[in-house]
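**Q** Top to bottom, those sequences are chains A and B.
The opening residue of the first sequence carries number 10 in this note's numbering; numbering runs sequentially from there.
The opening residue of the second sequence carries number 1456 in this note's numbering; numbering runs sequentially from there.
Reference listing, derived: stretches of chain B covered by chain A, where coverage requires no fewer than 3 residues with Cβ under 8 Å from a Cβ of chain A: (1) 1549–1560; (2) 1567–1578; (3) 1588–1594; (4) 1656–1663; (5) 2040–2046.
Read the hints as simulated data drawn from the structure, not as lab findings.
If you're wondering where the values come from, they're calculated on a predicted model, not measured in any experiment.
By construction, the Cβ of each residue, glycine as well, lies at the ideal position given by its N, Cα and C atoms.
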Amino acid sequence: MSSRVDPITLAVVRGALETAQREMTLTLEKTGRSSVFNLAHDYSNALFDHFPEMILQGQDIPIHLGSLIPAMKEVAEYFGDDIHEGDVIYHNDPAYKGSHILDCCMYKPVFYKGELVFWTVCKGHLTDIGGPVPAGYNPDATEIYAEGLRIPPVKLWDKGKRREDVINLLLTNMRARRDQEGDLNAQYGACRVGERNLLALLDKYGVEQVQACIAELKNMADEQMRALIREVPDGVYTGSALLEDAGHGFGEMEITSTITIRDDKVHIEVQSPPQVPYFINSYEGNSMSGIYLGLMMFAQLPPPYNEGLYRCVTVDLGEKGTLCNAEEPAPHVNCTTTPMETLTDAVRKAFEQAAPERVTASWGHASGINIAGIDPRTNEQYVTMVLASIISGAGATQVMDGWHACGPLCCFGALSSGDIELLEYSYPIVIRRYGLIQDSGGAGMHRGGSGTVWEVEPIDHEMTVIAFGEGREIPTMGAAGAENKLLEPKLGKLVVQRADQSEEIHKKNTILTVKSGERVANFNPGGGGFGHPLQRDPVAVLEDYRNGLVSLEAAKLEYGVVLNADSIGVDQQATEQLRQARGATTTDSSQSTSTKPTAQ
Amino acid sequence: MRSQYRLGIDAGGTFTDFVLAENNGELRVFKSPSTPQDGTIAIKAGLSQISEALGKSIEEIVQSCDLCINGTTVALNALIEKKGVKVGLLCTAGHEDSLEIRLGHKEEGYRYEADFPPAHMIAPRHLRKPINERVLSNGQIDQAMDEQEIRDAVAYFKAQGVESVAISFVWAVRNPEHEKRAKEIVQEMMPGVFVCTGSEVYPQVREYTRTSTTVVNAYLSPVMRRYVEKIDEYFRSLGAKYPVRYFQSNGGLAVGEAMQGRAVNAINSGPASAPQAGLFVGQPFDINNVITVDMGGTSFDITLTKDGHTNLNKNIDFLRYRIGVPMIQVETLGAGGGSICHVDKYGMLQVGPESAGATPGPVCYGKGGTQPTVTDANLVLGYLNPAAVLGGAIRLDREAAIHAVKAHVADPLGISVEKAAFGISTIVNLNMVNGIRRVSIERGYDPRDFALLCAGGAAGMHITALAEEIGSTTVLVPKVSSVFCAFGQIISDVRYNYLASEPMRLDGEDVNLAALNDKFGELEEQGREHLLSDGFADEQISCTRSVEMRYVGQIHECTVEIHPGKITQEKLAAILDDFHKRHEELYTYSEPHNPVELVNIESTMTGHVAKPDFQDLIAKGSSAEEALIEYRPALFDADGHWIDTAVYSGPKLDVGLEIQGPAIVEEPTTNIVVRPGWTLVLESNHCYRLTRRDA
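Build out the structure end to end from the sequences listed, making use of the hints.
**A** Take a look at the structure:
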């Protein structure tokens, strides 16, 4: 296409937008008070233009970003003409297309010479939002009203004036007030750092030129996505995924996605069961994130990432009042991971029908914990989500083993677990173990990445532990014939070691307390494998064994590989025999591209 | 009494560069092919050239030097090529995977593909041995160390042929007792094997950064030691007055003894001197926005200096390894004169990152190279004089270059040799432009606001083309450009950073100014002693300090520069004020009502080195014609239209003359291609200034 702007200016504007967004992210990391902000990066920043359309989606948490698109429009519409220079708007409510109420989002309109040109937007997971359970994950809530504070769009700054009364109202409802206040300030700093960068950009290039560049960037994203969709054969493709019962007693549920490709357009339709009185219902904003993530994992497009990407995409979330299109009063706090990741899997599965050569195995789902208590060092209350506890394994692909410790699916590697010393400094805990789990990676020609175990002990106090998520019954979805035989290590679980040395194993979402001298270990799942495990190179299995990632038992059971007596080499003959008996065509993966075992 | 010379030696991937500064300000530059297997061979060869040029013996020259300075890529190359030694890691049980978990983070958003595989593990899982021991965040020992486990682990390391041991325990920064004891055991069981601990290498809070930095250091230090020992011994044998100084990634110098156990401090040894050299050259023109581009035989290094300030990075991912110690920010690509060109299986012309290096070198060197390189293409394009490279030290075979470009690029693509050679030049330029964009545009800096400073022997032939691509209208090419980093090194000071963790709240009873003053005193005394033993006098030593502070509850710190000297209550109040201001400057807000805590402290100790007294060039009043060598056909466009181009001798060109492009200026160690549309002037500070006429 012919461009109205010179290519160097276009590149500089694009770079400046990326820098503005990156510096917003940096501000949150550097100034945030809770470990969720300053260590785990559970926040996302985006820039919008005056329409407001997303003009830069940062490479932050996918589950936040998709929902920002509808939420921004909802917020702007709510205030209509009543948006002024110096205003700062806050919001978390899913009924206004927020993701879940812990994700509090700040929106700052950026005015230039009296004209609204941009919005800087910052969404972050606060460690508490009030309600009966610290950290907000209340498995007993049957309605959204029992989960915590809902914040419809509200102004925290009004024409530059900080509304202490409103801010006080919010903070009064939250635990660990000082952390929440610090994080709110950090969000304000992020929005203003973004604004500062954007104003400098406008000073240099003028509104008209900058807007022309932005239009161009959106067109670029649009064209890339259309070019990709055009390559996928026209047709209707369906994929579904099972959601396990993580403690609600309603049994397994199925989420189905139907994808219709016509030329350069894609329509995604979701069918899910009716909403349930348990915290796993997903409202519209959150479900859009799940769908966009499934699409982007499939597309693997290079940047720019902006709303142009989704111009050729239409979505139907199914009937209102269903699991993936929930409405009041459905409780929802777990939705950013459950059922979001299962919804993403359903979309992934449908794309696997459409273009199997592009699809990778799925990533481990989130099965993690929040912790809370009174810090004996200060007598102050602490509460946090432990994002280190949900770092699962990534999926294998056509060409490589999955990354270890890079999930969960909903975050696609954007999270950080945080340095253990910084966590121990912030909270009265000792982290006894943070390591990879043997045999947790999905078996396949390419192995899934290993999941992690995070084991903690409270120091001199009683700690509340709240488990959330799933992935403790159904292992991560593999692809192209991957198959697991040793299931247990591939699933999440919570293991409590009591003072009397007894051990409890939890497979459901639960709330419990542990004392000094007791330990809680949270295991999360590995990534899915790709291709049949009998086609894995025996030398790779040996290497995994040597590094303790695959046990002797799994080498034999899952991969059909027999090691020598001294376990430092592969017993070629025994391996050959075992694999043939199992029905593999060959033991040499390099000579075979077939992804399914063939009967002899 | 001042010595007569100062010698800078920068050992790059392809060439080893020499700058000899005489105390009357005269500069001489020399080059010899690098000899990675033994760095002293190249140094001997270079010293022989110097000896011949000066008519003095090597010993006499070295003994007349106040300083011999060496920048080296030995650590960097070992890291890039994964040629460090086999490392075993002893770590706290339960945390042996922190190196591989890498904080559970994937560095690039939506990217997940074959070109972006999991990071390489220097110490694979079976060589990371868990030791039962535990220190808590307050420094208390929670669990005593099991020494038998250490012995068992070391026995395994020995059986596995481990050559270097890293020890990094959780919270050792707060209480290094276990690390120290473990080190003793390793030294006892594996005498002669290199061993380092986290609390020595990077004494700062952050277990993952500390462990990773320590492991990288263990991986590289034995390689560095072999190198340094050879160089030191060679210079001692020549009777050098002072030990050789080595250039560190922090932009300062260090003695060999300090370097060989801390190779991690010297990863960016070579290119880290470019920013200060760039500022030095730009100073007479009031230029303090400089992008330096250094194109040698193997790599292309970029640094960016804005308003006179170059970023010093700490705690970054470098080549995907987390490294804590401070480093000058350098972007490096595999693009140099020796970059090999080939046509890939998709029929695309690729240039680099593989390099023909010094041996066999480009085809035209006639030393056995068969794959065409960027230098071969430049020769075909007429940018190089076959008889006048390296002052005539190497004669180039143009026919062989044409043949190689034809066979490996032109014929497979079905195009003419000219088109192929120009295509090679275009592609390598594109690669370099993308690198420049990463340090400028992608960080929001407009490259049009910067002067492009040309360094390295090969950059002169590409520099005006690069400037056009990024829209820069000013280019500086110092006469010493081909040995620019060596030049940067001789104008550098000796610099050591001393880091410590000294956490305390700065309100109420927790303030312990005595402890803080003691700690600074301890660090600075250590530094002063170090510098005195390096041969500095007290009055040549200076100190700067910084502290890292944060609001209580934050995790990341803001760095505040503070004055040396005793910290009193009043001074503390001023430091707090500066912190609030800095926080506001960076993040738009501050919280003056909230408590602040101090975390890390750092003293930078500098041993000042007198700068050579460079004399200005004085115009002789000669004309351009007097410097004209010949007219040579050269190609500046893809259309295959050869232009008869004026070629000038740099050494004969007078100050202040305007040379209009197209033109080529030949210096003994570099050629400057002045593309059509550019004007070149030699300025009195020994620097060519090129400006774009139509911009």
